[in-house]
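From first to last, the protein sequence lines stand for chains A and B. Every letter in the first sequence is one number past the one before it in our numbering, and letter 464, counting from 1, is 464. Every letter in the second sequence is one number past the one before it in our numbering, and letter 85, counting from 1, is 662.
Incorrect hints may have been included.
[To be verified] Pairwise CB distance ranges, derived in the manner of DEER restraints: (1) A:Val19 / B:Lys670: 25 to 33 angstroms; (2) A:Gly576 / B:Leu736: 35 to 43 angstroms; (3) A:Lys227 / B:Lys756: 19 to 27 angstroms; (4) A:Ile540 / B:Gly745: 54 to 62 angstroms; (5) A:Gln224 / B:Gly745: 43 to 51 angstroms; (6) A:Ser455 / B:Thr730: 37 to 45 angstroms.
[Claimed, not checked] Counterexamples of contact, computed for chain B against chain A with all Cβ distances above 12 angstroms: (7) Ile590; (8) Ser686; (9) Asn725; (10) Leu726; (11) Asp727; (12) Thr730; (13) Val735; (14) Leu736; (15) Glu737.
Worth flagging that the hints you see were computed from the coordinates, not collected in a lab. Where is the CB? At the ideal position from N, CA and C, for every residue including glycine.
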Amino acid sequence: MTNTEIILDIGGMLLFLIVLTLLVKPLGTYMTNVFQSKRTFLSPILMPLENLVYKAACIKQDEEMDWKDYAKAMLLFNCLGLIVLFLILLLQGILPLNPQGFPGFSLDLAFNTAVSFVTNTNWQAYSGESAVSYLTQMSGLAVQNFLSAATGMCIAVALIRGFTRHTSQTIGNFWQDMTKSVLYILLPISIIAALLLISQGVIQNLDPYTNSSLLQPIQTSDGQSIKNQTLPMGPVASQEAIKEFGTNGGGFFNVNSAHPFENPTPLTNFLEILLILLIPFSLTYTFGRFTGNTRQGWALFTTIMMLFIIFLGVMYLSEYNGNPLVQPGVNGSYMEGKEVRFGIGGSVLFAVSTTATSSGAVNTMHDSLTPIGGMVAMLLILLGEVIPGGVGSGLYTILAFAIIAVFIAGLMIGRTPEYLGKKIEVFEMRMSVLIVLTSGILVLLFVAVALVTYSGISSILNPGPHGLSEILYAFASVSNNNGSAFAGLNANTLFYNLLTAIAMLVGRFVPAIAALAMAGSLAKKKYIPPGIGTLPTHQITFVLWLAVVILIVGALTFFPALSLGPIVEHMIMHAGH
Amino acid sequence: MKYITTALKLFAILMVLVGIIYPVAVTALAQLFFPREAGGSLLYDSGGNLTGSVLIGQPFSDPKYFWPRPSATSGYQYNPLASGGSNLGPTNKDLIDQISNRTELLKSSGIQAPVPSDLVESSASGLDPHISMQSALIQIPRVAKARNLDEETLRKLVLEHVEERQFGFLGEQRINVLKLNLALDSMK
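Make a model of the complete structure from these sequences and hints.
And the structure:
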């Protein structure tokens with residue numbers, strides 16, 4: 001790579017981050033207004049629709065829920081989604097809109113896939129273009145893309161209300177939060193995004209797959225003559241938009257956003273990354289605005305952005321340096337598992353964004369990243385999906401980290417810990433620890449199980465420490481509801497389908513319920529005005545402290561495992577040169 | 578459970594809205610405003626036969642065509658029904674052997690070292706329609722010889738097909754192999 005190319009890459013990334021930052025305040029404000037039931041510019045169109053939904057579903061607009069009812073409604077709604085999607089996957093063969101005649105999924109794969117989409121993970125043990133009908137994509141999988149993202153937002157907003165309400169029993173109404181998230185936030189932007197993507201070449205049709213002749217017929221290695229190529233079709237753009245915007249990440253096709261029909265140009269790549277990061281970053285502003293002190297929101301934003309930029313830099317450097325083992329006689333950037341139109345810059349920015357959030361869409365094969373590049377992706381997931389994490393889930397996880405940070409700081413300076421005028425007590429700490437450590441415990445436990453069973457290690461593709469990385473990545477990804485993979489691992493086995501499904505369910509709903517319980521407990525508390533002993537949580541000291549707490553928790557939990565996987569592989573790669 | 582009926586009703590309403598109305602409406606708008614793009618940016622020859630999509634790469638091994646990137650799709654290279662990368666890790670011996678075999682093959686076809694990385698390292702999708710400009714330029718002597726053409730003419734053709742970074746900074750400079758080869762066939 002020439003210096004000009006590096007400058008263009010870095011300039012492109014900086015411009016991207018500036019665009020993102022400029023959008024945080026408007027979208028954050030808009031989301032605040034939506035959840036506070038204030039008028040927005042879309043109200044004239046959407047308010048009648050919203051009222052119609054409430055009327056049809058018999059939802060009373062003035063009814064509020066305590067945290068237990070809120071949690072029950074959330075679980076019930078998600079359970080229903082799980083059952084419906086499970087049935088669609090099983091029965092796909094006899095349902096309409098299936099021009100390729102794909103049969104239903106096997107039981108274990110249907111269960112795994114249904115759990116995966118309901119938990120906002122979008123781990124995919126199947127290959128879209130050769131297994132999934134248009135109806136399943138649109139009315140099964142994409143519905144959960146919307147609803148799981150909306151569920152995340154509901155929980156985040158409920159927790160925000162916990163901080164802003166005083167001596168209150170209730171934290172909002174789940175049905176209304178769900179309806180508002182879909183109608184006002186996810187749907188309008190998805191429509192615009194889908195049309196922008198189509199204008200660049202993302203496909204959107206219901207045609208059967210098309211046969212086209214090859215310009216030069218070829219012979220396969222076993223002597224077969226190939227004269228035609230079958231081009232897959234489908235309603236891709238409508239799914240692509242919400243897949244990115246809801247940090248879901250489940251590709252229409254097997255290779256996800258690396259597929260030219262999902263991500264045809266550098267501009268679609270830019271847009272897709274922007275969609276992935278928009279809501280998670282903007283929710284920090286929503287948080288600040290809700291609490292009446294936007295500086296609290298910017299403090300969280302700064303922490304996240306700082307860590308994001310550091311990890312982006314490390315991965316770019318590692319991919320830029322490439323793989324010394326293949327260098328002799330080969331010139332240019334390391335392109336194994338990358339697409340020419342994105343280059344190193346567009347590939348790295350996507351890989352960091354998709355693992356920093358809980359998206360898990362990929363435009364680059366993470367299994368083929370350099371050891372340190374792959375480790376950055378893994379570490380971003382392992383840190384608990386807080387930089388900035390998934391839609392909603394990222395915010396409630398970073399708030400748990402903030403509470404832990406306040407608590408530890410409180411112990412060190414000998415004061416009662418407070419955050420935003422709420423006293424942090426044993427219950428809040430318990431819930432925060434539950435939110436932060438559930439996924440870590442799942443990862444270590446399940447990786448251990450996989451490593452000592454034949455079913456676990458027989459799915460590995462790459463030998464040596466990279467094989468350990470494949471398993472570690474898989475359980476990091478499912479436990480934190482990311483969904484990307486070191487895809488060499490053969491995940492469609494009974495063992496992995498069941499184990500990853502359990503990890504996804506526990507990793508999603510234990511922290512979610514803990515966040516709601518904490519919301520309930522915080523809402524009941526009185527407001528304590530800040531005194532001289534209160535630790536200010538909107539200043540740079542706290543920003544740095546919070547970053548350190550996030551990194552230390554992650555490092556203490558995962559350093560041993562990482563050193564046996566990617567770190568050893570990095571050393572092998574450089575020693576072999 | 579007092580919430581069951583509410584949950585059922587709300588789920589049904591939202592499922593119809595985002596699972597049917599939304600994708601169908603977007604499809605209708607797409608067919609109205611961007612029919613070519615929404616249909617897969619398909620290419621037809623003068624006889625009206627479908628010859629592929631601008632966005633999906635095709636396999637080429639004949640010396641008279643420009644060769645694309647290696648593809649790891651199963652069945653055959655550039656099989657759009659099995660999109661995928663090699664998923665080989667950076668220290669895997671298979672990967673290192675593959676890359677060195679491809680480098681040797683290119684050298685034996687008359688290409689002078691060093692070889693651009695995108696021409697010997699397989700893409701993420703296995704369907705990458707592009708190669709770098711350098712990868713096209715180094716193939717000119719071979720194509721020229723196979724087609725009995727002047728190298729300078731080919732060089733011009735290649736340079737005409739260079740797509741720059743979008744808006745000058747996004748993505749990477751590249752060449753669409755299928756378009757270039759179609760242009761080659763239509764010469765003379």
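Which numbered hints are broken by the structure, listed smallest first?
1, 4, 6, 7
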